[in-house]
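Peer 1: Respectively, the protein sequence lines represent chains P and G.
Read in order, the letters of the first sequence correspond to residues 41 to 551 in the numbering used here.
Read in order, the letters of the second sequence correspond to residues 229 to 343 in the numbering used here.
Because the hints were derived from the structure by calculation, they are not lab data.
Treat the numbers as computed from the prediction; the structure is a model and nothing was measured.
Using N, Cα and C, we set each Cβ at its ideal position, and we do this for glycine too.
Do not rely on the hints blindly, as some may be mistaken.
[As the list claims (entries may be wrong)] List time: in silico SDA-like cross-link candidates among lysine to any residue, alpha-carbon distance up to 20 Å:
| no. | chain 1 | residue 1 | chain 2 | residue 2 |
| --- | --- | --- | --- | --- |
| 1 | G | 340 | P | 411 |
| 2 | G | 340 | P | 340 |
| 3 | G | 250 | P | 201 |
| 4 | G | 340 | P | 62 |
| 5 | G | 340 | P | 370 |
[Stated by the list, open to error] Partial chain G-side listing against chain P, Cβ under 8 Å, derived:
| no. | residue |
| --- | --- |
| 6 | 262 |
| 7 | 269 |
| 8 | 277 |
| 9 | 340 |
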Amino acid sequence: MNLVPLYVAIPLLAAFLIPLLGMWWKKSGEVLATLSTVLLSVMAIASIGAPAVVHHMGGWPFPEGIAIVSDGLAVLLLIAVNVVGFLCVIFSLKYMQEYTGLPKYYGLFMLMIAGMNGVVVSGDLFNLFVFLEIASIASYALVAFGVEADELEAGFKYLVLGSVASIMILFAVGTVYAVTGTLNMADAAREIASRFGGPEMNPALLLAAAFFLMGFSLKAALVPFHAWLPDAHPSAPAPISAMLSGVVIKSLGIYAICRIFFHVFGFAAGNPSSVIIANAMIAFAILSIVIGGLLAIGQWDLKRLLAYSSIGQIGYVMLGIGIGARVLATGGARSLAALAILGGLFHLINHAAFKSLLFLSSGAIQQATGTRDMKRMGGLKERMPITAATTNLAALSIAGVPPFSGFWSKLVIIVAAVKAGHVVISSIAIAMAFVTLVYYVKLQREVLFGAVRGAVEKAREVPAVMYVPLIILAVVCVGFGLLYPVVGARILEPATDALLNGAEYIKLVLG
Amino acid sequence: MTVYFLCAVLLMMGLYCLVAKKNIVKKVIGIVIMDYAVNLYLIIIGYKHGGLAPIVEPGMNAQTLGRFVDPLPQALVLTSIVIGLGVLSLMVAMCIRMYEKHGTFDMSQISKLRG
């Protein structure tokens, strides 16, 4: 029995049933969303270490059917999406009570998870686009869920830029189809390798690659495509901010870039176009790290600070992957490429844990104090010890203080950059790691420590249903740092192998 | 070749409308134009002058089969139109809500967030 299609089917069914049953049963959202996300998380965690599987939808074999593929890379993302999704649902149970229309909220939430899981397991270019749109439409609506002036404006901005990205991606999908005559990723990869594997890349394919890179970078909010993120993430309800920053920008942006460029286009040594693409990735990554980090320092809105920090941290993820791509494209050592990509993927899953933790904490703080303005906070650890402790852990982790997880992933990325000979890039990355430390020290000093003042005076600790997800995520943050040998060998290395071995992916899907 | 060029012109017109217009309804129209330009592009990819409808009947030889229009892009366009409709309805719904809040469609008067 092949369980992979259930990653899409379960949340899609829940998304359909919740608003329908919600007409008579007020609690439909809470119950069904919790049940289905628990089930999905268990499935995702149970699939660690399982061999890669391919499912042909409806029993149609290649080339008629659509392939659903779960390999090491997909498992990594499935774990991140579904576990963070589950914890966000638990947090929502209490946090979202002040909103109306909850069945719609949970319905859209499950639709977003269905879309993300679909993007991750899809083995077909157009299918990937469809799932990308499902997840995007759900997230546009969820950003604007509060229907206040700010939420609507941020949602509209996100919608407009997201639609432009989708149009670019669809254009690129059409171009790949026009050149290769297939939409199956593995088949397209085989066509591209056999017909255009030489020193010259087909200009149409290069155009498609550029459109793919722009479209997915917009979804991933890499600078210079980041304009929507600092508005959209703070305006959304806290669990949605956590989902957006924690997993949406990764599964729709970074994962899609990895899958398309490593598996479909491929980074062949000696192909100048591959070097151009890899250089563009590194350039976007460095811009994101620098601009996201510098803009974060000046923010006084707690959630805006976190949003700018997301741009900077996603830059680190992209930097690791970009350096790996460049090493492959210039014919460098495979082990070095593996190291860089491992660092990138490790930072991806770490960021999923600590950024969703920070956004959930910011939601708890906002609910307890009624404000997001850091100037009106201080001494939170006196009034809300548990939230303050978990926030502190996440801040230390993301700032790269050893022995927490963020330190190790940044270290791996920087070591790989130095080994690949990018001295300037790695020194920028190190300098910006200190800037990250600066703005999280600011967060600690202004919000957590010091004398109790401002809005914090009347604050009380949030109920257990809200702080338990925070504690679980904090344990994950510490665990990824201390138990790296287990996490690395069981989750990250299979993902890195899957990403590097494009030939294996083709063999897996085409049989 | 000309049709591809015209298709690109249509895409750029949509992009211009999106970037240059301040009225949010016109921005929505710009996105719809871009969407249609890409749909048109997909259709052009599958188009064949003097082509036949791709329905296989017994007794057809290889030459006839070779004259079939590629049906796959048309299937893609149908899906893409449906997705575009979903996005469009969400955009229009947000425009109406924003009009209720601000009493105007002018983005420069609505905009408060700094990006």
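Peer 1: Now tell me if each hint is right for this structure.
Peer 2: Hint check results:
1. G:340 - P:411: 18 Å, holds
2. G:340 - P:340: Within the cut-off at roughly 16 Å; holds.
3. G:250 - P:201: Distance of about 15 Å is within 20 Å: holds.
4. G:340 - P:62: The given pair, whose Cα atoms are some 35 Å apart, is violated under the 20 Å limit.
5. G:340 - P:370: 46 Å, violated
6. 262: At about 5 Å, which falls below the 8 Å cut-off, the nearest Cβ of chain P leaves the hint on residue 262 of chain G intact, so it holds.
7. 269: OK, holds: residue 269 of chain G within 8 Å of chain P, min 6 Å.
8. 277: 16 Å, violated
9. 340: 7 Å, holds
Hints 4, 5 and 8, counting from the list given before, are not met by this structure.
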